[in-house]
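Asker: In case you want the letters, here they are:
2 protein chains.
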Amino acid sequence: MTTESPTYSRGQLARSTGVKGETIRYYEQCGLLAAPGRTAGGHRMYTDDHKRQLNFIRRCRELGFAISEITGLLDLAQTDEKTCEQVRQATAAHLVDVQAKIKDLRAMERTLKDLIGQCDANSTAGCPIIDILLFQSH
Amino acid sequence: MTTESPTYSRGQLARSTGVKGETIRYYEQCGLLAAPGRTAGGHRMYTDDHKRQLNFIRRCRELGFAISEITGLLDLAQTDEKTCEQVRQATAAHLVDVQAKIKDLRAMERTLKDLIGQCDANSTAGCPIIDILLFQSH
DNA sequence: TATAAAACCTGTAGCCACTACAGGTTCAGG
DNA sequence: CCTGAACCTGTAGTGGCTACAGGTTTTATA
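So the sequences go chain by chain: A and B. In terms of the working numbering, the first sequence is residues 1 to 138. In terms of the working numbering, the second sequence is residues 1001 to 1138.
Please note: incorrect hints may appear among the correct ones.
Said to hold, decoys possible - If you anchor each label on the Cβ, the simulated ranges turn out as follows: (1) A/47 x B/1025: 49 to 55 Å; (2) B/1086 x A/49: 50 to 56 Å; (3) A/107 x B/1048: 25 to 31 Å; (4) B/1041 x A/21: 51 to 57 Å; (5) B/1012 x A/18: 48 to 54 Å.
Worth flagging that the hints you see were computed from the coordinates, not collected in a lab. Glycine is no exception: its CB is placed at the ideal position from the N, C-alpha and C atoms.
Between the sequences and the hints, there should be enough to build the whole structure, so can you do that?
Answerer: Structure (structure tokens):
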């Protein structure tokens, strides 16, 4: 009396996780998502384990982790010792990256606002934005 | 008694603008930087005009404009009518993009900090980061 | 002036994380 | 049983470079 666990097609998995079907295939191809079993005809059959793993991957991607970083996290999730500290470090390192990107973008934002401000105050001929970008010295 | 304007090799242009030599070639290839004259032997000879144009391109890239957007800006810089308003609009549109990216990254930042905080407060077995990413319902 | 080294040339392939085909096969509903 | 949707594989394209390979030209030194 073995209870068969349910399986899902690629489309069903896509709908239930919000990850596009083609992307799921890509994740398998690059070794991120475990290869599922197949039907007699060759169609992929995913299990609840795949669903959990794919949701994990999706959440990590939403947090901006690279594929290679997620591979690392999944490997850590498999092992059971000293894992937590390593995961914490990987997450902290990623946080630093994210904060650096934010800093860069905020510098861009300030400059863009400045440029637009110059433009609004424009009374002369020509475009201050173009002029500044063409001729500024720095 | 024509005063010859100075010319620069690719490497000289690279050093004086901070844009890598290979990147300069790429910009020419994709139609962003005007093709320069050549020596008898086929080496590129850049002028001060190229230098100005490349500096403009570099500054736009530093502000996060896409190559296609810069092409548009350079086209606008060439024409002389109604240009300013179009440039202002392009810049404003880009600012919106940048602000959207900042918003996304800040959301990531908050979540990553939360996760790390969970980890710091961890007393149980297992890794809270992994657990949350694997099993959260949202 | 000869030569060696640096810089240049072209063209192509790789990076990341997908996305979008083409051309064929299998599955599910009626 | 048949149709049409969903699936299969493999490949090429995206953006903005970067990194070769394999050859030519220029430049600096002896």
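Asker: Determine for every hint whether it applies to the structure shown.
Answerer: Evaluation of the provided hints:
1. A/47 x B/1025: 49 to 55 Å: holds, 50 Å
2. B/1086 x A/49: 50 to 56 Å: holds, 54 Å
3. A/107 x B/1048: 25 to 31 Å: For residue 1048 of chain B against residue 107 of chain A, whose Cβ atoms are near 28 Å apart, the range 25 to 31 Å holds.
4. B/1041 x A/21: 51 to 57 Å: holds, 54 Å
5. B/1012 x A/18: 48 to 54 Å: holds, 51 Å
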